[in-house]
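Chemist: Spelled out from the first residue to the last, the chains are:
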Amino acid sequence: DQQVKQNSPSLSVQEGRISILNCDYTNSMFDYFLWYKKYPAEGPTFLISISSIKDKNEDGRFTVFLNKSAKHLSLHIVPSQPGDSAVYFCAAREQGTSYGKLTFGQGTILTVHP
Amino acid sequence: DAGVIQSPRHEVTEMGQEVTLRCKPISGHDYLFWYRQTMMRGLELLIYFNNNVPIDDSGMPEDRFSAKMPNASFSTLKIQPSEPRDSAVYFCASSSQDSRHQPQHFGDGTRLSIL
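Residue numbers (the working numbering), protein chains in the order written: chain A, 1 to 114; chain B, 1001 to 1115.
Please keep in mind that the hints were generated in silico from the structure rather than gathered at the bench.
Backbone N, C-alpha and C fix where the C-beta goes; we use that ideal spot for every residue, glycine too.
One thing to keep in mind: the hints can contain errors.
Derived pair list, reagent style DSS-like, types lysine-lysine, alpha-carbon separation capped at 27 Å [unchecked claim]:
#1 B:K1024 - A:K68
#2 A:K54 - A:K71
#3 A:K101 - B:K1068
#4 A:K68 - A:K54
#5 A:K5 - A:K68
#6 A:K56 - A:K5
#7 A:K37 - A:K71
#8 B:K1024 - A:K101
#9 A:K37 - A:K54
#10 B:K1068 - A:K54
#11 A:K37 - A:K5
Under 10 Å between C-beta atoms, here's a sample of chain B residues computed to sit facing chain A [unchecked claim]:
#12 M1040
#13 D1056
#14 F1074
#15 R1111
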């Protein structure tokens, strides 16, 4: 029972273009969402997050959008760079649960071509 | 500052053997998490500790899996006996309650192969 789903296993984008990574969730009790980035042979690193009281959060080239009614969030990277090539994980935390417990998606492999 | 340190980085062993994975969290962090990464299910939370006490082990797949945190700077995840389906990358992460929205910091993982 996958409560956080990333339905696209991979995405290929040209350098300079926009990358859009998508994430869907089923648990309406999720109130905080995060994106992590993972390079080969390394652990995931935090990228950006958003609270359910917002619908957008921006940090440099990275913007996360949250659509609560659709239970959908997306990560936009503009412009995309070859160094952005990595696996991106979407994660969510349930309201009222103990601090820190996250549910992750399966990940999307992003490849940015020069 | 040293990050989360996991050992070994790679482990190859035959089925039936005992496997022990180790983790040293970031100093001062009071939460420690163990995850397993597979292609099919992504990152699955196995168990997590707060102040060395196990809080939620509902993700531990079977009785063959056990985890301990004897002190604030060390944790182990043990599989006994190991099976080929346990092959995966296992991550340890830590975080601090002091900053509620601070994300978890991950180690570089242990790639486990059970033959």
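Chemist: Could you run down the list of hints and mark each one as holding or not?
Modeler: Hint-by-hint comparison with the structure:
1. Under the criterion of a C-alpha separation no larger than 27 Å, the hint pairing K1024 of chain B with K68 of chain A is inconsistent with the structure, at around 37 Å.
2. Of the pairs offered as hints, the one joining K54 of chain A and K71 of chain A holds, with about 13 Å between alpha carbons and a cut-off of 27 Å not exceeded.
3. A threshold of 27 Å between alpha carbons decides the hint, and for K101 of chain A with K1068 of chain B the separation of about 18 Å falls inside it, so the pair holds.
4. With a C-alpha separation of about 9 Å, the suggested pairing of K68 of chain A with K54 of chain A holds against the 27 Å cut-off.
5. Taken as a hint, the K5 of chain A and K68 of chain A pair is honoured in the structure, with Cα atoms around 15 Å apart against an allowance of 27 Å.
6. Restraint check for K56 of chain A and K5 of chain A: the C-alpha separation of about 20 Å stays at or below 27 Å, so the hint holds.
7. Taking the CA atoms of K37 of chain A and K71 of chain A, the gap is near 21 Å; set against the 27 Å cutoff, the hint holds.
8. Between K1024 of chain B and K101 of chain A the CA atoms are separated by roughly 19 Å; this keeps the pair inside 27 Å, and the hint holds.
9. Restraint check for K37 of chain A and K54 of chain A: satisfied, since their Cα atoms lie roughly 22 Å apart, inside the 27 Å limit.
10. Simply put, K1068 of chain B and K54 of chain A have alpha-carbon atoms about 38 Å apart, too far for the 27 Å limit, and the pair is violated.
11. About 16 Å separates the Cα atoms of K37 of chain A and K5 of chain A, which keeps this hinted pair within 27 Å; it holds.
12. Hint status for M1040 of chain B relative to chain A: holds, with the closest Cβ pair at about 7 Å, below 10 Å.
13. Among the interface hints, the one on D1056 of chain B holds; its C-beta lies about 6 Å from the nearest C-beta in chain A, closer than the 10 Å criterion.
14. Using the Cβ-Cβ criterion of 10 Å, the hint placing F1074 of chain B at the interface with chain A is not satisfied: the shortest such distance is roughly 18 Å.
15. With 10 Å as the threshold, the beta carbon of R1111 of chain B comes within range of chain A, its nearest partner Cβ sitting at about 8 Å, so the hint holds.
Of the hints listed earlier, those the structure fails to meet are numbers 1, 10 and 14, in rising order.
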